[in-house]
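*Asks:* Both chains are given apart, each in its own frame, so use the hints to dock them into the complex.
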Amino acid sequence: MTVSIQLEVNGKPVQAAVEPRRLLVHFLREDLGLTGANIGCETSLCGACTVLVDGDAVKSCTMLAAQADGASVTTIEGLAQNGDLHPLQEGFWEKHGLQCGYCTPGMILSANYLLAQNPSPSDEEIREGLKGNICRCTGYHNIVEAVKYAAERMS
Amino acid sequence: MAGVLGTSIKRREDPALITGRGKYTDDLQAADMAHAAIVRSPYAHARIRGIDTSAAEALPGVLAVLTARDVAAAGIPGVVPVGWLLPDLKTPAHPMIAADTVRHVGDAVAVVVAEDRYLARDAAERVAVDYEPLDAVADVVAALEDGAPAVHEDALGNVAFDWEIGDRESVDAAFASAANTVELDLRNNRLIPHAIEPRAVLASYDSSTGEMTIHMTSQNPHVHRLLMTLASLGMPEHKVRIVAPEVGGGFGSKIHHYADEAIVGLCSMKLDRPVKWTATRTETNLTDAHGRDHSTHCALALDAEGRITGLRVDTAAAMGAYLSTFAPAVPTYLYGTLMSGQYDIPAIHCHVTGVFTHTAPVDAYRGAGRPEATYVVERLMHLAGEATGLGPVEVRKRNFVPADAFPYQTQVALAYDSGNYGPAMDRALEMIGYDDLRTEQASRRDNGGKQIGIGFSSYIEACGLAPSAVVGSLGAQAGQWESADVRVHPTASVTVYTGSSSHGQGHETTFSQIVADKLGIAPEAVEVIHGDTDLVQFGMGTYGSRSAAVGGSAIVKSVEKIIEKGKKIAAHLLEASAEDLEYVDGSFRVAGSPDRALALGDVALQAYLAHNYPDDLEPGLSATSFYDPANFTYPFGTHVCVVEVDTETGSIDLLRYAAVDDVGNVINPMIVDGQLHGGLAQGIGQALWENAVYDDSGQLVSGSLMDYAVPKIHNLIPFELDRTTTPCPHNPLGVKGVGEAGAIASPAAVVNAVVDALAPFGISHIDMPLTPEKVWRAVNG
Chain Y
724 MTVSIQLEVN GKPVQAAVEP RRLLVHFLRE DLGLTGANIG CETSLCGACT
774 VLVDGDAVKS CTMLAAQADG ASVTTIEGLA QNGDLHPLQE GFWEKHGLQC
824 GYCTPGMILS ANYLLAQNPS PSDEEIREGL KGNICRCTGY HNIVEAVKYA
874 AERMS
Chain A
-7 MAGVLGTSIK RREDPALITG RGKYTDDLQA ADMAHAAIVR SPYAHARIRG
43 IDTSAAEALP GVLAVLTARD VAAAGIPGVV PVGWLLPDLK TPAHPMIAAD
93 TVRHVGDAVA VVVAEDRYLA RDAAERVAVD YEPLDAVADV VAALEDGAPA
143 VHEDALGNVA FDWEIGDRES VDAAFASAAN TVELDLRNNR LIPHAIEPRA
193 VLASYDSSTG EMTIHMTSQN PHVHRLLMTL ASLGMPEHKV RIVAPEVGGG
243 FGSKIHHYAD EAIVGLCSMK LDRPVKWTAT RTETNLTDAH GRDHSTHCAL
293 ALDAEGRITG LRVDTAAAMG AYLSTFAPAV PTYLYGTLMS GQYDIPAIHC
343 HVTGVFTHTA PVDAYRGAGR PEATYVVERL MHLAGEATGL GPVEVRKRNF
393 VPADAFPYQT QVALAYDSGN YGPAMDRALE MIGYDDLRTE QASRRDNGGK
443 QIGIGFSSYI EACGLAPSAV VGSLGAQAGQ WESADVRVHP TASVTVYTGS
493 SSHGQGHETT FSQIVADKLG IAPEAVEVIH GDTDLVQFGM GTYGSRSAAV
543 GGSAIVKSVE KIIEKGKKIA AHLLEASAED LEYVDGSFRV AGSPDRALAL
593 GDVALQAYLA HNYPDDLEPG LSATSFYDPA NFTYPFGTHV CVVEVDTETG
643 SIDLLRYAAV DDVGNVINPM IVDGQLHGGL AQGIGQALWE NAVYDDSGQL
693 VSGSLMDYAV PKIHNLIPFE LDRTTTPCPH NPLGVKGVGE AGAIASPAAV
743 VNAVVDALAP FGISHIDMPL TPEKVWRAVN G
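One line per chain: the protein sequences are Y and A, in this order.
The first sequence runs 724 to 878 under my numbering.
The second sequence runs -7 to 773 under my numbering.
In isolation and in its complexed conformation, chain A is listed as follows (with noise of 0.2 Å):
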């Protein structure tokens, strides 16, 4: 249908979200269910000298009560995967139920099943572990330091890794004759996830058939039936199915195998019945893993007109206890080898040490190494600014990759395939305002009182998660294509099934709208199904901002190949050559004769009866693809954030937030801004407020919303946006990927307002989250 690209029609899912009747994992009852509820370590670090269960056993209604000896006993595999392996990568083995060793608070030790769920919080209570508490370690430089309490034996220094991308010489040199240079010592702070929805699974087992169906809260069933029957349960990956239902958000979250989901199948397995587990929010924030958790030392040299010549980034990554799913990739090629922004930099050298801590695991959220990569580049681009005299604008624009240039190469890896970077800082000039606000800022400095401060981020992302063999050679032990099943019915009505999983993006109108522009039909004649293994082949999931670039072009090409079978099909019953065949408006027409056409609903009618059909085909109208993209895609923009700073609290206000975005052609405006307002939310709290701290003794003391402040609707301001079109050149939408896109670019744009609004003060940097206290403390010495 013409003009369904490109426009903002509602949601499809959101009928079942207003009144209550959307499903999430913990909203379904099986008959004859049971609850889990999981016993942790309070310790970060400690010898497990033994476990006493029989109290919690002697409570009538309880079913079960599961150590890691039971583990062993089952004969299965029992452990919790890592999913991306680098050269010379410790991987100490991740235990779903520690046996003699907890290693971070929140560790699972047992686990008790009961009839009821309050039950099996009271029995939980009683089960008596004794513990010889062992010294922590949390802090990720502490953990480098001689003499920090080991996490793993066979991890010497607490050190996961130790990797570089770029040229370390080439750098050197570039520093050795610079006209200027700056540094940076920063910290990119820990994040909690806080997907609303804590994390929960309903598994069951029926010894019967030998079949398990686990409910839960994933963002990719699929690797998840794989990380499970595979490294976990040890069950033939046939006989699992995994189901995402309703899932109340994820950010990266609920991507990772986690130990608990393995616990509760194993539960399920042993009572032959449905068992059920839910996170509290404490739960879910002890044990989800987290985010960033950088300490980085970095430093730019510039030529004499400003401009780069080279870069240095020295970062210490936590990993936390054990390395999740994807962690290692993380803060290596997700972050490394976007160190190049958006500037034209001739010379780049990233190292990167991954270091253990007693933690919960560090893993992908939202940006996922690209928001740590921004906020390093633009960082120093504002201290750029500052040291030649050529403000935050000029600077940047004097490096940008020329619109000229791409596909461009830069130094650490990614080829960019397309750009344009100017307009977009332009619109944002525009939109803000910005000499006026120049005009203020001077003004308020001669007055006095509270200060303002105007911050830039242009950032530059790689995402739509990419091809295979690409990420093959650089340690994935997956494949990053997706996968879509189109099947056109004989009354001309359209199923998708997408190995692309949605948790609130949309997909199911998103890929409508796809589907209904390439066939030329009604959005509401599409019915998109995904999240369950069993009614859908192999998928990849929705991460990385891939669901419409890699997702939505399988889809696109599934559409091609009915297509191209239609017009076979219509050529012979139209008595003419599929050559001469064209597909418009949902009609196949000969080319050049329009009276001489059949609807898409004639043709697929054909396909399913077959009476007058042509020899050589087979009957029936669907496809499957498995589409690979060629390259990462690169949607880029410039944000930019005006603060009020009060120097006498230290409170900051926000007071305008300008984005302009390019994320290629656009299907459905309105989820696409809502992506944007999202993650703009989330990397402004990363700015300002979120922060994920544990003590010296390893207790994450801002583990529930009373400390972790996670941004209210009264923090934050409307924001303003716009958008540049570049399309992305290798995939047939032409679209780029936004979910992450805010999160990336926004905590430098604000962090470098406040260090604006500060300059008089000689402030060059405050470290996130920018607290009252810390810009007090800043402003007064």
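Chain Y on its own, in the form it takes in the complex (with noise of 0.2 Å):
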């Protein structure tokens, strides 16, 4: 049995038929190719495979693929703009933000959505706005730079 769902991804219509229990990581991933989207755990803690919807930051291992129905995603591919890369993505490659990269594209989504609703975060802000998702890596501490670096620039 399969549903049908009809969704925009990075801006492009996409129909498919899918299984109702087909998880929305496993869509992006296996039936767009889109790999950038991570899986890390499967209890919506380690937050690699974060994407946003409707401009939401959403762990795309806990939703169904069924339930995007109509929404708008975006994932890690779809963030650098006409092949210049997001500030965010500049900010986490300036500051080396990121070493195996695994959580990165998760990482930088939530911070796009930290820095949606908070333009302006103190490191405080950015800690406590990224607690969704874990890098086992960094340490963090380039991390908040990172999302510093993008902060100012889109200010």
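If you're looking for bench data, these hints aren't it; they were derived computationally from the structure.
Fair warning: there could be bad hints in the mix.
List time: in silico DSS-like cross-link candidates among lysine-lysine, alpha-carbon distance up to 30 Å [unchecked claim]:
#: 1; chain 1: A; residue 1: Lys15; chain 2: A; residue 2: Lys231
#: 2; chain 1: Y; residue 1: Lys871; chain 2: Y; residue 2: Lys854
#: 3; chain 1: Y; residue 1: Lys854; chain 2: A; residue 2: Lys15
#: 4; chain 1: A; residue 1: Lys766; chain 2: A; residue 2: Lys442
#: 5; chain 1: A; residue 1: Lys2; chain 2: Y; residue 2: Lys871
#: 6; chain 1: A; residue 1: Lys15; chain 2: Y; residue 2: Lys871
#: 7; chain 1: A; residue 1: Lys15; chain 2: Y; residue 2: Lys735
#: 8; chain 1: A; residue 1: Lys15; chain 2: A; residue 2: Lys2
#: 9; chain 1: Y; residue 1: Lys854; chain 2: A; residue 2: Lys766
#: 10; chain 1: Y; residue 1: Lys854; chain 2: A; residue 2: Lys442
#: 11; chain 1: Y; residue 1: Lys854; chain 2: A; residue 2: Lys2
#: 12; chain 1: A; residue 1: Lys553; chain 2: A; residue 2: Lys2
#: 13; chain 1: A; residue 1: Lys262; chain 2: A; residue 2: Lys231
#: 14; chain 1: A; residue 1: Lys15; chain 2: A; residue 2: Lys262
*Replies:* Encoded structure:
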């Protein structure tokens, strides 16, 4: 049994028939080939699978593809515009905000949501805003710096 | 290019990773790919009475269900080997798939292959295994008790090995005549590595060629190929290609050879088509080799001036249900040999019992033995500071190996090649504002309320593993050199093939800096290839903070060979003597006549044209080196942690963390700092939050991120870092390694800080992790 869904992914219309139980993250990764969102756990805690759904940061391992019917989804692949890196992508590169890179797409999209809510967060607000995303490599020190860099660029 | 070493150039790895284009193992798709799901034991110890696979096989889309019977029928060795042997080590077989007995929760009993990932999991649920549960023992101390359930019949009393180093008699004598002694019983908590990328494998066997390509989450593809072919699948080594694509962290957990990867290889061979398996978080936590898990009694003897006269350590170290790849080395040669710390200790004895338990195996995890050793030594030094009245700073300084005493031969085998411990301590004190902190602490103690504590950790580590002959004599079944093939192309750009395989450390950036510096070219002109056994010559991989010190040195050796050959070519072209040539800023030139010079590109082109060329020289301009270091490297430093403890609730706030590390010369300061940050987070995590808990029946009750507290961003604080620089004297770069330093030093610094805060309550020790409950109970008796 499948259900039909229509949604927008990174600005492009997508139509598909999916199993009702199919997770959004598997739909994005395996059906659409958008492998930027990663899977690090099955309890909605690591945040590696974070994407934007209608502007909200959502853990795509805990949402069904069927629930995204009619939504607009942005993944890390859709963040750079016309070949220009998003300021958050620049910030993570500039400030060494990543090492293995596995958590990075989710971390950047959560930070994107944070900056949309709060364009000039304090260090503490950044740490509060990103606590749904786990990084095992960086100790987070440079992730805070990366988000500050982006906030300055975007203001 | 001058100025490229020691410069924080941005990582070339990052553009792919920040745009989602980096390909990790699970991102890969192959035509006609099937998916595997592994059926695992829910019991820590049980006999398998039977397995009924019929319901799973009946599901449309299921391609195969394999059990131990199929491993036996395949006629392959079918085991997972241990790669480090100790005298009298018990090495019970570790079958790829359990045949009649399971020995930990998560032990593989069957594998299902299906057309689809979801279907494979559905079918795995339908495999009915008839278990007869048996008594289990998960705790390292309980496993040694009389009558404890036996993990293996041939390991009496669950003892895997009994090992010692140092001189027991001289230690006994030191304690007999000591003016002061301090002693401690401690547990070093079991940790789960938690690379955010779970282990994964895509195995593609092709019967038409007899070749197998395995993409997998590996820190050392050649080591995995060797173990996979030799002990598990029984394939010819040259028919197997192992590729580590992007690897999402490892911290040791992706060094080891696991049953699961071999099982997926077997599935692909049986089905003659690509098969992928990706662990769930729960699976990877049940089966990744864990870290630490020691129970230790330790004691320090001091004379009337507070100088250490003896150190005694007795440790029971969990091995888990099976011996993982390098497991026996971790609590022995990577632990007992570190017991001298930064101190001149005349008598040391360390005894270690390796213990089988009905748990996941324990093996190298970031620091591997050295964090455990540092924790023993630095906790004892804290107590010694209290007992002697000298305090934590003076007691350490009084016992530091003096700067003029290097090379320093310890009583536990290692010879420290270099060191200068005082300046790192002094700088740390200055950074933290030590005297002011003590003033504030005194005032808080007078006024009550939240207390602050200051904790030190002056650590040493031995890394850059290391002379092959030495590790071989200690039981390693592998060499510990590293390889590099450096190829200068006709247009003078360069490709480096390194045996050191990155999993997030930025090798491509760092290694390009080394070549750029030595060849006087831009880093952008250097490509770095790693992580593919078909592309790269045999290499040992990335672990033990070895990539810069050993892998980087191999690259330097190759570049030196290239320059020597280039001089001969240039001498021929310039009609000069090769002895008169020097290589400066990317040009071969006649010493004293800088006008007579040829750029690297001119020489490289001629090396490939070979039209106007020395008679006795082969064409081409490339060189391969296998660099075997003369010694380990010995990074050191002093870390200071400041905490605030709420004695009403037991909660701990990190206030400051200052680290002064000496990792020798630094290639890319940004990357070095990043390695320290990550190590600190893991060490602080061990001290405060992380704990792998098995209940009495052997169930892992902290197997998910719901229960196992990996540090989150709001738990941590900005780190304050500085460096002293004492170059390694025996490698060409003067580098030592930095990957593990943070995790080695920090647990002791944090615990010492908390205990320091609680000194007025008469508390001298709390076992990690220092949860609010434990702290509250300690304070409230």
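*Asks:* Evaluate each hint against the coordinates.
*Replies:* Consistency of the hints with the structure:
1. Distance check on the hinted pair: Lys15/A and Lys231/A sit about 24 Å apart at the alpha-carbon level, within 30 Å; holds.
2. For the given pair, Lys871/Y sits about 16 Å from Lys854/Y by alpha-carbon distance, which is consistent with the 30 Å threshold.
3. The suggested pairing of Lys854/Y with Lys15/A holds, with an alpha-carbon distance near 26 Å, which does not exceed 30 Å.
4. Between Lys766/A and Lys442/A the CA atoms are separated by roughly 16 Å; this keeps the pair inside 30 Å, and the hint holds.
5. Between Lys2/A and Lys871/Y, the direct Cα distance comes to roughly 18 Å. Compliance with the 30 Å bound is thereby established for this hinted pair.
6. A hinted pair counts as satisfied when its Cα atoms are at most 30 Å apart, and Lys15/A with Lys871/Y qualifies at roughly 28 Å.
7. Under the criterion of a C-alpha separation no larger than 30 Å, the hint pairing Lys15/A with Lys735/Y is consistent with the structure, at around 23 Å.
8. With a C-alpha separation of about 20 Å, the suggested pairing of Lys15/A with Lys2/A holds against the 30 Å cut-off.
9. Between Lys854/Y and Lys766/A, the direct Cα distance comes to roughly 25 Å. Compliance with the 30 Å bound is thereby established for this hinted pair.
10. Between the alpha carbons of Lys854/Y and Lys442/A the distance comes to roughly 26 Å, so the proposed pair stays at or under 30 Å and holds.
11. For the hint linking Lys854/Y to Lys2/A, the alpha-carbon distance of about 26 Å falls within 30 Å, and the restraint holds.
12. Our distance criterion of 30 Å between C-alpha atoms is met by Lys553/A and Lys2/A, whose separation comes to about 29 Å.
13. Restraint check for Lys262/A and Lys231/A: satisfied, since their Cα atoms lie roughly 16 Å apart, inside the 30 Å limit.
14. For the suggested pair Lys15/A and Lys262/A, the alpha carbons sit about 27 Å apart, so the restraint of at most 30 Å is met.
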